[in-house]
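Just so you know, the sequences run in chain order L and S.
Our numbering applies: residue 1 is where the first sequence begins, and numbers increase by one.
Our numbering applies: residue 368 is where the second sequence begins, and numbers increase by one.
Treat each hint with caution, since some may be false.
With a straight-line Cα cutoff of 35 Å, these simulated DSBU-like cross-link-like pairs (lysine-lysine) come out [to be verified]:
no. : chain 1 : residue 1 : chain 2 : residue 2
1   : L       : K59       : S       : K430
2   : L       : K59       : S       : K598
3   : L       : K70       : S       : K380
4   : S       : K380      : S       : K544
5   : S       : K507      : S       : K422
6   : S       : K422      : L       : K215
7   : S       : K507      : S       : K598
8   : L       : K59       : S       : K490
9   : S       : K544      : L       : K70
10  : S       : K422      : L       : K59
11  : L       : K33       : S       : K422
12  : S       : K422      : S       : K533
13  : L       : K103      : S       : K594
14  : S       : K430      : S       : K544
15  : L       : K33       : S       : K533
16  : S       : K544      : S       : K533
17  : S       : K555      : L       : K70
18  : S       : K430      : S       : K555
19  : S       : K531      : L       : K215
20  : S       : K544      : S       : K594
21  : S       : K430      : L       : K199
22  : S       : K422      : S       : K598
23  : L       : K70       : L       : K59
24  : L       : K215      : S       : K490
25  : S       : K544      : S       : K507
26  : S       : K472      : L       : K11
27  : S       : K422      : S       : K555
28  : L       : K103      : L       : K215
29  : L       : K215      : S       : K380
30  : S       : K555      : S       : K380
31  : L       : K59       : S       : K380
32  : S       : K472      : L       : K21
33  : S       : K430      : L       : K215
34  : L       : K33       : L       : K199
35  : S       : K380      : S       : K430
With the C-beta cut set under 10 Å, the calculated list includes, among others, these residues of chain L facing chain S [said to hold, decoys possible]:
no. : residue
36  : F68
37  : G69
38  : R122
39  : N133
40  : P136
Just so you know, these hints were derived from the structure itself, not from any lab.
Just so it is clear, the structure is predicted and the values come from calculations on it, not from any experiment.
The beta-carbon is built from N, C-alpha and C at its ideal position, and this holds for glycine as well.
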Amino acid sequence: MSFYQQYSKYKNLPFDEMWAKVTASRVERVLQKTSLNEDDLLALLSPAAGEYLEEMAQKSHRLTVQHFGKVIQLYTPMYLANYCENECLYCGFNLKNRIRRNKLTLEEVEAEAQAIAETGLRHLLILTGEARNSTPVSYIRDCVEVLRRYFTAISIEIYPLTQEEYGELIAAGADGLTIYQETYNEELYDQLHLRGPKKDYRFRLEAPERAGEAKMRAINVGPLLGLDDWRRDAFFAGLHAAYLQERFLEAEVSVSLPRMRPHAGGYQPSHLVNDRELVQVMTALRLFMPRLGITMSTRENANLRDNLIRLGVTKMSAGVSTSVGGHSQEEAGEGQFEISDQRSVEEMREALRWLGYQPILKDWQNI
Amino acid sequence: MADFLEIGGVRLKNRLFLGTGKFPDRSVIPRVIEAAENEVITVALRRVDIGGKEKNILDYIPKTNILLPNTSGARNSEEAVRIARLARESGCGNWVKIEVISDNKYLLPDNYETVKATEILAKEGFVVLPYMSPDLMVAKALVEAGAAAVMPLGAPIGTNRGLKTKELVRILIDEIKLPIVVDAGIGKPSEAAEAMEMGAAAVLVNTAIATAGDSVDMAEAFNLAVKAGRKAFLSGTGAVNEYAEASSPLTGFLNSF
Numbered sequence: 001m002s003f004y005q006q007y008s009k010y011k012n013l014p015f016d017e018m019w020a021k022v023t024a025s026r027v028e029r030v031l032q033k034t035s036l037n038e039d040d041l042l043a044l045l046s047p048a049a050g051e052y053l054e055e056m057a058q059k060s061h062r063l064t065v066q067h068f069g070k071v072i073q074l075y076t077p078m079y080l081a082n083y084c085e086n087e088c089l090y091c092g093f094n095l096k097n098r099i100r101r102n103k104l105t106l107e108e109v110e111a112e113a114q115a116i117a118e119t120g121l122r123h124l125l126i127l128t129g130e131a132r133n134s135t136p137v138s139y140i141r142d143c144v145e146v147l148r149r150y151f152t153a154i155s156i157e158i159y160p161l162t163q164e165e166y167g168e169l170i171a172a173g174a175d176g177l178t179i180y181q182e183t184y185n186e187e188l189y190d191q192l193h194l195r196g197p198k199k200d201y202r203f204r205l206e207a208p209e210r211a212g213e214a215k216m217r218a219i220n221v222g223p224l225l226g227l228d229d230w231r232r233d234a235f236f237a238g239l240h241a242a243y244l245q246e247r248f249l250e251a252e253v254s255v256s257l258p259r260m261r262p263h264a265g266g267y268q269p270s271h272l273v274n275d276r277e278l279v280q281v282m283t284a285l286r287l288f289m290p291r292l293g294i295t296m297s298t299r300e301n302a303n304l305r306d307n308l309i310r311l312g313v314t315k316m317s318a319g320v321s322t323s324v325g326g327h328s329q330e331e332a333g334e335g336q337f338e339i340s341d342q343r344s345v346e347e348m349r350e351a352l353r354w355l356g357y358q359p360i361l362k363d364w365q366n367i
Numbered sequence: 368m369a370d371f372l373e374i375g376g377v378r379l380k381n382r383l384f385l386g387t388g389k390f391p392d393r394s395v396i397p398r399v400i401e402a403a404e405n406e407v408i409t410v411a412l413r414r415v416d417i418g419g420k421e422k423n424i425l426d427y428i429p430k431t432n433i434l435l436p437n438t439s440g441a442r443n444s445e446e447a448v449r450i451a452r453l454a455r456e457s458g459c460g461n462w463v464k465i466e467v468i469s470d471n472k473y474l475l476p477d478n479y480e481t482v483k484a485t486e487i488l489a490k491e492g493f494v495v496l497p498y499m500s501p502d503l504m505v506a507k508a509l510v511e512a513g514a515a516a517v518m519p520l521g522a523p524i525g526t527n528r529g530l531k532t533k534e535l536v537r538i539l540i541d542e543i544k545l546p547i548v549v550d551a552g553i554g555k556p557s558e559a560a561e562a563m564e565m566g567a568a569a570v571l572v573n574t575a576i577a578t579a580g581d582s583v584d585m586a587e588a589f590n591l592a593v594k595a596g597r598k599a600f601l602s603g604t605g606a607v608n609e610y611a612e613a614s615s616p617l618t619g620f621l622n623s624f
């Protein structure tokens, strides 16, 4: 059964009613359990559980330290190109946005790689917009082949591929996939993605499965919080992660919890997610899946990120630029979104040490 | 008579093996080693940045320690073999802890792939210490494959749940001629002592020390517990009785006739 089928079974449940029915004692019972099911995750995302944030945070902290130690893995994104054929209302790379479009040559990719590798980072996330003509799989493969000389683990955050194409990039040296469904709400998804290949909800939703079948080592999914009711998107993100872990026991499964940020398009999110709610989502997911990777990007500010570290985060980006060529070129173009935490890799490492955490620059070696 | 543990032709005095993951600050590791009087220490090769400019984990380990690089992250025997070879080529010596995990949910070892990797690496001259789920037939296969010791888990990695597999480990201790090193799951010094009292040759502890409030003190506590357990085993613990033994036996009158 694909995750689309699982989603379809759940999508019409009366969520609001179910959440309204969750009582304080139900939340307390879940907090006592060691192995949580989907109903328990639902309970932890309820308004009633919002009153138990401290208890959830304490347990989340304990589980994270137990399974990961006081250790945070660092990585940085590298934008290869910002050409895009999609019109997504909330994104800075939207085809309609008049921004400078650019694509790195392989020489420029190498210059970026050198600049990033200088910081000591060994994990890289490469990104493009969705434009199969300007940035075909063959281009991304060529980039990966250059980058593997500098990095021990390379993840891709690009448009969804077929299983064969994922296999091609894995053979070239990519070992991780990041792909956000943005929102799991199929109807809303259709409204937010006006034109372009991204309109195909199911092809995107099942991309992580195709990557898993192609033996991708690490798979990172997530919602863009703020597009739909956060409780629902968090619930489905949890189901999605659990589905992937069950089906691909070998894979390292993670979620990211990005919140909407201001960007060139000017679209404003309809469901703002505040800090308390973000903490509820993160800790609920940790309790649901104690070994789940949780990624926190620089969309969030330094102060909040420092506080979230103890609540369940396992991976963070540092020294970030969301512009094409942003690590090595003086005149890089507009970024995909604004960064709130501007700290360099060295500053981030210092901050982690000060918080009593070990920064990890290398956690895997593609062999 | 001095009590040594011999593995791969090396005589070890200390029976507390350490791990290097999960420490909030790696600079504490030298003091942990000292407090534990540690001789064998395992390092995940996946986290060693060989040739990198950064100070890496190996820089915190005294040269007098025996490095036990592990293949953490390997999902099958081929990956484990490649990691082990890479470790040896990078100067980490020829000891290797085989760790093949194809299950990211419970982190339980894949015994079948572990046997395969052990066989290949033992033939290549490695001193192989395979991490495994305690199973007698698999342990026998590991002996056949050329393992230098067998490392059954006490409980799943990182759980600190203690010696949950006690009965199965006891069978390995009784039946397998190689040293049995209880690896994973030991959360408290008392549990380490329990394993040693049973006759385990050594224990490997990481999470319980790395995530303790004071890792150095906890390392010392484990060291003492392992020594105590070993000494108890050597001295022969008294038989455990099902009932209290009456000091005035009921059949004493039979002797008076």
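**Prompt:** Given the hint that L/K59 pairs with S/K490, does the C-alpha gap stay at or below 35 Å?
**Reply:** 46 Å, violated
**Message:** Hint check: S/K422 vs S/K533, CA-CA at most 35 Å. Holds or violated?
**Reply:** Answer violated: S/K422 to S/K533 is near 40 Å, above 35 Å.
**Item:** Hint consistency between S/K544 and S/K507 [alpha-carbon to alpha-carbon, up to 35 Å]
**Value:** Since the Cα atoms of S/K544 and S/K507 sit roughly 9 Å apart, the hinted pair holds (cutoff 35 Å).
**Request:** With a cut-off of 10 Å on the beta carbons, see whether L/P136 makes it to chain S.
**Result:** Cβ of L/P136 sits 30 Å from chain S, so the hint is violated.
**Message:** Tell me if the straight-line CA distance from L/K70 to S/K380 falls inside 35 Å.
**Reply:** 31 Å, holds
**Pair hint S/K422 and S/K598, alpha-carbon separation not exceeding 35 Å** = 39 Å, violated
**Request:** For the pair we were handed, S/K422 and L/K59, check the Cα-Cα distance against 35 Å.
**Result:** Between S/K422 and L/K59 the Cα gap is close to 33 Å, so the pair holds against 35 Å.
**Request:** Compare the distance between the alpha carbons of L/K33 and S/K533 with 35 Å, and conclude whether the hinted pair is satisfied.
**Result:** Since the Cα atoms of L/K33 and S/K533 sit roughly 25 Å apart, the hinted pair holds (cutoff 35 Å).
**Pair hint S/K380 and S/K430, alpha-carbon separation not exceeding 35 Å** = Judged against 35 Å, a Cα distance of about 17 Å means the pair holds.
**Prompt:** Holds or violated: is there a CB of chain S closer than 10 Å to the CB of L/F68?
**Reply:** Hint holds; L/F68 Cβ to chain S Cβ min 7 Å, cut 10 Å.
**Asked** Should the interface hint for L/G69 be scored as holding, given a Cβ-Cβ cut-off of 10 Å against chain S?
**Response** At about 2 Å, which falls below the 10 Å cut-off, the nearest Cβ of chain S leaves the hint on L/G69 intact, so it holds.
**35 Å Cα cutoff - pair L/K33, L/K199** = 40 Å, violated
Violated hints, in rising order: 1, 2, 5, 8, 9, 11, 12, 13, 21, 22, 29, 31, 33, 34, 39, 40; the structure is consistent with all others.
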